[in-house]
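Trainee: Produce the entire structure from the sequences given, and follow the hints as far as they go.
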Amino acid sequence: MTELAYLAAGVLFIVGLKGMTSPRTARRGNRIASVGMLVAVVVTVVDLLSLDTRLVWGLVIGGMVAGAVIGAFLAIRVQMTEMPQLVAAFNGFGGGASALVAAAAVVASDAVMPTETAVTISLSLTIGAITLTGSFVAFGKLQGLVPSRQMFLPGGSFTNGAIAAAAVIAAGVGMMYDSTNAYWVATALAALLGITAVLPIGGADMPVVISLLNSFSGIAASMAGLVIGNQALIIGGALVGAAGLVLTLEMAVAMNRSVPSILFAKFGGTAAADSIGTQPVNRATADDCAIALAYAQSVVIVPGYGLAVAQAQHAVKDLANALEARGIAVTYAIHPVAGRMPGHMNVLLAEADVSYDLLLDLDQANPKFKQTDVVLVVGANDVVNPAANNDPGSPIYGMPVLNVEEASTTIVVKRSLSAGFAGIDNPLFYQDSTLMYFGDAKKALEDALSALENL
Amino acid sequence: MTELAYLAAGVLFIVGLKGMTSPRTARRGNRIASVGMLVAVVVTVVDLLSLDTRLVWGLVIGGMVAGAVIGAFLAIRVQMTEMPQLVAAFNGFGGGASALVAAAAVVASDAVMPTETAVTISLSLTIGAITLTGSFVAFGKLQGLVPSRQMFLPGGSFTNGAIAAAAVIAAGVGMMYDSTNAYWVATALAALLGITAVLPIGGADMPVVISLLNSFSGIAASMAGLVIGNQALIIGGALVGAAGLVLTLEMAVAMNRSVPSILFAKFGGTAAADSIGTQPVNRATADDCAIALAYAQSVVIVPGYGLAVAQAQHAVKDLANALEARGIAVTYAIHPVAGRMPGHMNVLLAEADVSYDLLLDLDQANPKFKQTDVVLVVGANDVVNPAANNDPGSPIYGMPVLNVEEASTTIVVKRSLSAGFAGIDNPLFYQDSTLMYFGDAKKALEDALSALENL
Amino acid sequence: MMQVPCRPMHLGIRNEQSATENRVAAPPITVTAFIELGFDVTVESGAGGGAGFDDASFVDAGATVVENLADGPPLDLLVRISPPTSSDREILADGSVVVGLIDPTANADMLSRWGVDGITSLSMEMLPRSTLAQSMDALSSQATSAGYAAVLLGVTTLRRFMPMLVTAAGTIPPSNVLILGVGVAGLQAIATAKRLGAVVYAYDIRPETKEQVESLGGRFVEAPTMKMDEGGYARALDEETELAQKAALASAVEAADLIITTAQVPGRKAPRLISSEMVRAMKPGSVIIDMASSSGGNVEGSRPDETVEVAGVQIMGPTDLASRVATDSSRMFGRNVAELVKRMVTDGSMAVDYDDPVVGPTIVAPQRDGET
Amino acid sequence: MMQVPCRPMHLGIRNEQSATENRVAAPPITVTAFIELGFDVTVESGAGGGAGFDDASFVDAGATVVENLADGPPLDLLVRISPPTSSDREILADGSVVVGLIDPTANADMLSRWGVDGITSLSMEMLPRSTLAQSMDALSSQATSAGYAAVLLGVTTLRRFMPMLVTAAGTIPPSNVLILGVGVAGLQAIATAKRLGAVVYAYDIRPETKEQVESLGGRFVEAPTMKMDEGGYARALDEETELAQKAALASAVEAADLIITTAQVPGRKAPRLISSEMVRAMKPGSVIIDMASSSGGNVEGSRPDETVEVAGVQIMGPTDLASRVATDSSRMFGRNVAELVKRMVTDGSMAVDYDDPVVGPTIVAPQRDGET
Amino acid sequence: MSDQFIVGIIVFVLASFIGFEIIAKVPRTLHTPLMSGANAISGITIVGAILASAMGSGTFAAILGFLAVMLAMINVVGGFLVTDRMLEMFKKIPRKSESEEGR
Amino acid sequence: MSDQFIVGIIVFVLASFIGFEIIAKVPRTLHTPLMSGANAISGITIVGAILASAMGSGTFAAILGFLAVMLAMINVVGGFLVTDRMLEMFKKIPRKSESEEGR
Ligand SMILES: NC(=O)c1ccc[n+]([C@@H]2O[C@H](COP(=O)([O-])OP(=O)(O)OC[C@H]3O[C@@H](n4cnc5c(N)ncnc54)[C@H](OP(=O)(O)O)[C@@H]3O)[C@@H](O)[C@H]2O)c1
Ligand SMILES: NC(=O)c1ccc[n+]([C@@H]2O[C@H](COP(=O)([O-])OP(=O)(O)OC[C@H]3O[C@@H](n4cnc5c(N)ncnc54)[C@H](OP(=O)(O)O)[C@@H]3O)[C@@H](O)[C@H]2O)c1
Ligand SMILES: NC(=O)c1ccc[n+]([C@@H]2O[C@H](COP(=O)([O-])OP(=O)(O)OC[C@H]3O[C@@H](n4cnc5c(N)ncnc54)[C@H](O)[C@@H]3O)[C@@H](O)[C@H]2O)c1
Ligand SMILES: NC(=O)c1ccc[n+]([C@@H]2O[C@H](COP(=O)([O-])OP(=O)(O)OC[C@H]3O[C@@H](n4cnc5c(N)ncnc54)[C@H](O)[C@@H]3O)[C@@H](O)[C@H]2O)c1
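Protein chains in written order, with our numbering: chain A, 1 to 455; chain B, 1 to 455; chain C, 1 to 372; chain D, 1 to 372; chain E, 1 to 103; chain F, 1 to 103.
Quick caveat, the hints were computed from the structure, so don't treat them as lab data.
For each residue, glycine too, the CB sits at the ideal point set by N, CA and C.
Wrong hints could be hidden among the right ones.
Over the 10 Å line for every Cβ pair with chain A, so calculated as not near, a few chain D residues [stated by the list, open to error]:
1. V65
2. S87
3. E211
4. A252
List of simulated lysine to aspartate or glutamate pairs, EDC-like, C-alpha gap at most 20 Å [claimed, not checked]:
5. D/K342 x A/D353
6. C/K210 x B/E324
7. B/K443 x C/E36
8. A/K443 x B/D373
9. B/K443 x A/D353
Mentor: Structure, rendered in structure tokens:
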């Protein structure tokens with residue numbers, strides 16, 4: 001029955017994890033997974049209770065209570081912005097625990113271990129150790145305890161390779177001679193590798209690294225499960241190992257990076273996100289755009305010359321239709337000089353058969369932005385440049401502009417950070433509430449529409 | 001090692017089955033799965049060879065050769081149009097085999113079986129038997145050996161319920177008293193149920209039934225696997241059981257039916273497909289439409305009044321763009337009286353910015369249809385009515401029409417089979433080469449576009 | 001069955017140019033089509049001038065150009081885009097055929113007199129509105145031109161932009177265009193106004209036009225509608241419905257910058273849809289184009305071919321709208337008439353079949369033998 | 001700094017109506033804006049007639065209507081949409097301001113004479129083409145109207161359909177429209193012709209216009225282009241480039257049914273883009289509208305406000321295009337001029353600042369103190 | 001319950017999950033081939049059949065074994081072959097966008 | 001290899017497949033919460049930790065066990081809680097189309 005309960009826990013993990021991939025079901029998914037965990041823990045404890053073990057209950061319960069309190073405290077106290085590093089820390093703990101389980105198995109084993117057990121123990125120890133130290137370096141970088149820029153070790157990837165090789169040899173020795181100490185050496189080398197491998201990676205890439213380490217901690221748990229022959233660990237760990245890997249790849253793609261380029265970064269291989277413009281911007285994908293729009297109550301679309309260049313009038317209309325079908329109020333704010341001729345935007349929107357009733361001019365639109373959830377700026381630049389309001393040095397100072405920066409979220413669709421007709425930079429792009437969604441307007445809006453429909 | 005080889009076979013099944021869900025990888029997927037099967041068979045034989053069994057090799061090899069020859073012969077000889085019934089027959093053989101495996105286990109078991117084994121044996125026997133007879137009734141219906149119309153048994157669902165209950169009771173008796181004969185009775189009842197359950201179902205619904213029986217045969221195999229403790233059977237069977245179930249639901253949805261309404265059909269509960277018009281038509285989905293278009297070299301779009309009503313001009317342009325991006329030549333054939341005013345189609349297509357160069361009038365288009373792979377008729381009816389050419393009794397006889405029926409495939413997008421302006425039926429809809437894709441033109445074309453993009 | 005004497009058949013095309021007529025009954029391309037059917041074609045000099053076809057182009061097409069058709073041989077077939085005049089009798093051979101937009105009601109007497117001489121008059125106005133006859137339907141083709149031209153006339157008369165323009169010099173609201181009567185001309189008018197960016201409202205008594213209006217991006221004005229009769233034409237309304245209709249239209253009329261009315265009931269006076277009172281409620285500077293002015297007018301006070309100003313609103317009653325796109329109108333008319341003639345010609349001889357479902361209904365005179 | 005005497009400031013609006021002028025310098029809504037700035041506004045009777053604004057609407061807006069401004073008080077500010085005439089001097093107070101489209105080159109002498117009396121002339125033609133000054137840019141607003149009106153004039157003159165029509169009476173091919181010069185007017189012309197369904201080709205010497213043409217669905221004619229100068233205006237071309245250009249344009253011209261030319265080089269004769277030879281290659285019945293006719297013409301033989309026929313092609317040189325959409329042109333102009341005046345008025349007194357980046361460049365006379 | 005049985009159940013559940021997950025939105029044109037392919041896989045019971053032949057003794061068992069092997073083999077061989085034939089139609093059609101992407 | 005180990009491998013492979021299959025095209029906004037949630041699940045090693053405490057003897061083993069349990073518990077409790085907090089933002093937002101579909 002214990003095994004079937006573990007299976008049930010595994011099923012709950014699967015269902016929960018699947019739920020977490022869609023915004024509507026994510027929260028429920030997390031809770032389902034947590035129920036799975038509860039089932040697994042309770043069953044284990046009950047199982048042990050029913051056995052006559054040498055278990056020191058005080059230690060177990062003490063450990064559980066201490067861990068629960070610390071975990072809960074950290075989770076509740078943390079600031080929204082510090083969550084990623086907290087996840088990294090938690091992940092480190094998990095990896096460490098798996099390594100400790102394997103270590104306990106090593107200590108407990110009296111006889112010579114069969115090869116397969118030795119292999120899984122080695123894997124569990126080393127992967128757990130890498131996860132532990134790697135995660136804490138990542139934590140340190142994000143928390144600002146370790147410099148978050150790229151740091152280069154003497155020897156670079158070569159050094160890491162050497163450490164890894166040494167760890168493999170040590171583990172091999174351990175297996176061959178059944179030497180406990182050799183295992184500890186391998187573990188220590190792996191822990192060192194976790195540090196030297198993550199240290200060189202820049203802060204911007206940390207989320208991908210944490211995700212990869214998360215996958216590792218799953219594999220470590222799964223290996224520990226193989227060691228002690230526990231299905232719950234095997235299922236849960238494998239699930240996370242695989243899912244984490246897929247997620248890592250997806251995150252890397254979303255950031256326009258490849259995983260190898262992150263892990264084996266050389267000088268000059270800086271993140272793409274940093275190479276445009278001088279200040280950092282919030283890059284958004286079609287999905288981000290779709291989610292922001294889907295959960296808005298009111299959306300104002302601000303078309304500009306880029307809409308005309310991309311001939312994205314039909315795409316913008318289709319997106320607006322989809323939003324309206326969800327009950328979201330969509331209007332269009334037309335700046336008097338948007339485009340390259342008087343009435344340029346009108347021509348396009350009329351072609352797409354946007355009702356005139358939905359068009360707001362500058363005077364109608366500006367008072368509305370404060371109450372607007374999302375402003376979608378499509379290929380406009382100068383006409384939404386806040387410098388016109390507040391930078392007396394700007395060549396367009398004094399020109400009335402659409403104050404889109406007042407909305408809760410502003411999504412800007414354009415191909416790059418390059419300037420518009422007036423040839424000047426736009427501070428809007430660097431605001432916290434602005435998401436830059438780069439791409440040709442037509443393609444970008446079409447992608448956002450299909451993302452919206454898949455929500 | 002045998003077990004690991006079985007695992008490998010299972011993995012090959014998974015990969016193969018996944019491949020079969022997309023047109024590009026389907027063939028490869030099938031071959032991968034067949035390699036998995038080869039691995040499983042070879043490993044089993046090798047495993048047996050290495051054991052000292054009481055195996056009568058002659059019988060085994062004889063059975064294998066006979067089965068292979070028969071299977072290959074049938075598969076190679078069969079006409080394209082008869083494939084579905086052949087699949088049904090094969091499926092029946094598979095289900096029968098699983099039942100026989102369980103039967104062999106019953107015969108072989110000397111001691112009293114533990115409950116779980118008894119349960120799985122019962123399941124394997126009965127499900128296998130239902131699959132066997134049900135599949136052959138389905139085969140008979142499709143092959144025309146059994147009347148394919150809906151046939152109603154006295155008592156209907158009640159009779160089936162009674163037979164099922166009797167089978168359960170017999171199996172229960174078998175388990176309780178470890179009575180071999182009771183098992184045989186249960187098996188026989190299940191076989192009867194297979195016949196009485198499938199007989200009442202109409203021929204149009206057979207594909208869904210076969211798919212469901214396919215899922216059954218997977219479950220039967222899996223149960224047989226549990227009985228004999230074989231992982232290959234468990235994995236492969238469970239895979240097919242689950243995948244078959246999902247597929248059954250999808251097929252039912254695609255046919256606008258629900259599975260219960262098929263299985264427990266009452267008088268008057270005829271298939272939706274039969275209720276419109278008098279003659280049968282080929283109903284197509286967005287995916288069918290997308291596949292037909294994606295694999296074409298040349299596509300001609302024929303717009304009609306329905307395009308205008310649905311305001312689908314932008315949708316049609318977007319779809320054409322996507323096709324052009326794939327290198328497919330797209331043109332538009334405009335009938336002189338399409339729509340409700342002279343130039344109606346021109347207004348719409350100009351609004352969607354379709355280049356005038358792509359518009360063909362009647363005289364330009366008609367000689368082209370013979371060489372056209374796919375004609376997409378969007379909301380047109382009278383202007384593509386072949387009766388105007390060949391039915392002197394038709395009120396529109398003598399009017400020049402677009403001879404779209406000459407193309408390899410004609411897809412007609414409209415909401416129903418109802419008539420156009422002239423109020424007359426259109427023989428085009430019932431042609432073999434015509435796919436009817438029902439729905440509002442705008443929605444339908446948008447769906448086809450997203451299906452195309454997901455190919 | 002009337003049989004026209006064999007080969008050579010003489011076909012004539014008049015120079016119908018006038019202040020309000022730029023079209024020609026057959027442009028050069030149609031002349032070629034006629035010649036292929038076996039006709040000798042004679043064209044009056046200058047016939048195509050207003051439509052952009054010079055005499056040389058007719059000669060190139062194979063026609064003989066003469067100063068006056070009276071100078072040529074008597075005609076077996078006269079093709080006209082405007083109604084025939086009594087002077088046409090002189091150039092027609094006995095037993096010949098006249099075909100075109102011949103206004104059979106106005107010319108009934110003359111044509112029946114000609115009928116006595118065996119001259120057959122075919123009225124293209126009377127073609128059945130069947131799917132089969134569409135390629136000959138000159139009313140449709142000319143209404144297409146007229147609907148288009150009406151919008152352009154209205155837009156150039158109105159001193160306002162059609163589309164909305166948000167500009168640095170202020171926001172210019174779009175013009176409101178109202179189309180009353182959604183037949184062929186009305187639909188074309190909706191499409192043209194919509195293309196120019198106007199907000200287009202439309203109304204017709206036939207309920208099925210709602211879908212058609214919306215299929216062109218227009219909005220349908222909700223006012224009383226009725227079932228149509230078999231011929232596809234609207235019937236005249238009783239007084240009560242007419243009043244209800246006017247009331248429902250009042251606010252749409254008041255809001256409009258440009259109104260185009262096309263409502264007709266075949267064989268009857270056009271329905272009066274807009275009263276002077278309604279006109280006075282409109283903004284000064286607005287424009288109304290009454291395309292039904294010659295059959296009584298949809299608008300109170302409209303007069304054919306005149307512009308009347310009421311309270312700053314200009315009410316125009318042009319009758320030459322199709323002629324304003326003379327080149328294409330002539331091309332379409334030529335094609336229509338050629339298709340009709342083609343139906344009557346077999347192996348170089350022409351026969352008018354009273355029982356033909358398409359030709360039969362167009363015969364104005366003479367009556368079928370025995371009917372008188 | 002010129003300071004205009006304090007309250008009450010008198011502002012006058014002329015009745016500028018003529019055969020080619022329907023606009024008014026300030027419609028009622030602008031009058032209200034001026035009154036809010038502290039002006040007393042006097043309007044000549046009938047000033048808004050051609051633009052759809054009657055005297056009553058000016059009175060409602062708060063203006064005094066007089067038969068002739070000479071009957072009222074001497075003016076501190078005269079607002080004009082067409083250039084001032086010598087008779088305007090009589091109604092202007094010494095030290096007053098004239099603002100509008102005053103054609104500074106043609107009227108240089110008169111204006112500098114007036115400058116001696118301290119009358120400041122502000123030319124709205126000379127506003128900088130900066131993003132900041134766009135709301136005052138009357139050249140842009142009037143060019144918008146002109147580009148729109150040019151297409152409508154061309155379309156109604158041409159006796160063909162703009163859009164393609166596949167009909168039962170044959171397929172009507174779309175018209176080809178060619179726009180030469182893609183400034184404000186040219187862009188609006190492209191948009192309008194495209195809306196009507198024409199196939200639109202366009203060309204400008206400035207290379208960045210290619211993207212702009214395509215952003216409106218037009219096709220760019222590939223011919224030599226050049227870099228523009230700082231002001232955003234095109235420079236004059238050397239003869240060689242001009243020849244190369246003409247050659248490249250020849251086939252586009254030949255294929256066109258309607259051509260609209262807008263090419264200008266500020267302060268110089270307009271470039272000659274189309275020769276009579278090129279015109280002769282066009283189809284008879286085609287139409288050319290030369291919007292640069294008054295500055296020398298882009299088309300050989302075009303004459304301001306006349307229609308010249310060359311080989312069946314009508315060459316028109318209208319100068320009143322903006323005036324054809326007088327209602328909206330006046331509204332936009334009024335807004336432009338009000339924005340400019342607003343910039344000069346503080347607390348009910350008006351000052352002309354030579355150093356203002358917007359106002360400064362518009363000052364024609366008098367020269368800044370010490371410059372003469 | 002025996003350990004072996006429990007493990008069997010675990011494997012069964014996990015494999016079922018995979019089965020559910022991998023079939024997502026299959027185009028209708030592939031419904032029949034996919035059904036056919038899945039059916040061929042369900043012929044895995046051939047392994048059971050072979051093993052069953054090895055289990056029992058006596059003629060009855062022998063006949064059962066022979067029949068089971070033959071039926072399962074028909075399912076396997078016939079199933080894969082017929083599926084392959086159905087899928088042939090997707091074979092030659094090149095994916096335009098891929099081959100001409102370089103343009 | 002022991003049977004138990006082989007079964008473990010089978011379960012590992014099947015579970016990995018499920019892991020691969022269920023993560024498909026996650027919107028970027030969910031990347032971090034999903035990572036966090038998956039991390040919490042990897043805290044399943046808590047089960048191992050509890051069992052490990054029961055395995056060994058001596059102080060060293062006891063300390064290892066205690067540490068393992070505590071670390072794993074931090075991961076589990078902290079992980080699920082912090083994920084829940086992150087996902088709170090999706091909570092209150094109703095799905096318009098669902099709630100208003102009846103209109
Ligand atoms: N309306 C008039 O009458 C008129 C006349 C002349 C000048 N202007 C001037 O034009 C400007 C108009 O402002 P605006 O905000 O409309 O335009 P803008 O400031 O010129 O900005 C347009 C933006 O669109 C982006 N873009 C271009 N092609 C795109 C594509 N295919 N997809 C996505 N984005 C694209 C460009 O950024 P990326 O390159 O990064 O994509 C560019 O920054 C004002 O400065 C105004 O003064 C107006
Ligand atoms: N062009 C002219 O000048 C003119 C003028 C008057 C009459 N006509 C006549 O009109 C006819 C034109 O032929 P046609 O083929 O264009 O049109 P049609 O024969 O009238 O057929 C239009 C079809 O579109 C379908 N439809 C309507 N709304 C739709 C929607 N929202 N989505 C998808 N399909 C929709 C309808 O079928 P469902 O209801 O099943 O969807 C209908 O059968 C000819 O008979 C012609 O003689 C033409
Ligand atoms: N079958 C064919 O092929 C074919 C060809 C051409 C036209 N038609 C049909 O013939 C019909 C008439 O077309 P038409 O353009 O010659 O019409 P028309 O010129 O006779 O009348 C114009 C419109 O005025 C409307 N009208 C009449 N009284 C009205 C009133 N009191 N209020 C409002 N509207 C009123 C009519 O309904 C009609 O739509 C249309 O249905 C048209 O689609 C059919
Ligand atoms: N910054 C602003 O806010 C603003 C406002 C209005 C206009 N502008 C710009 O000012 C510029 C001029 O606009 P405009 O309409 O007053 O121009 P314009 O009337 O002076 O000239 C019309 C067009 O003719 C073109 N042209 C000149 N010589 C030519 C030749 N040989 N061949 C072909 N074309 C030739 C010019 O390039 C110009 O585009 C444009 O770039 C316009 O976008 C800017």
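Trainee: Each hint needs a verdict: does it hold in this structure or not?
Mentor: Against the structure, the hints:
1. V65: 30 Å, holds
2. S87: 34 Å, holds
3. E211: 6 Å, violated
4. A252: Holds, because the least Cβ-Cβ distance between D/A252 and chain A comes to about 21 Å, which exceeds 10 Å.
5. D/K342 x A/D353: 37 Å, violated
6. C/K210 x B/E324: Measuring from Cα to Cα gives roughly 35 Å; hence the hint is violated.
7. B/K443 x C/E36: Not OK: B/K443 and C/E36 at ~48 Å, beyond 20 Å, violated.
8. A/K443 x B/D373: The hint is violated at about 28 Å.
9. B/K443 x A/D353: 17 Å, holds
The structure is inconsistent with the numbered hints 3, 5, 6, 7, 8, although it conforms to all the rest.
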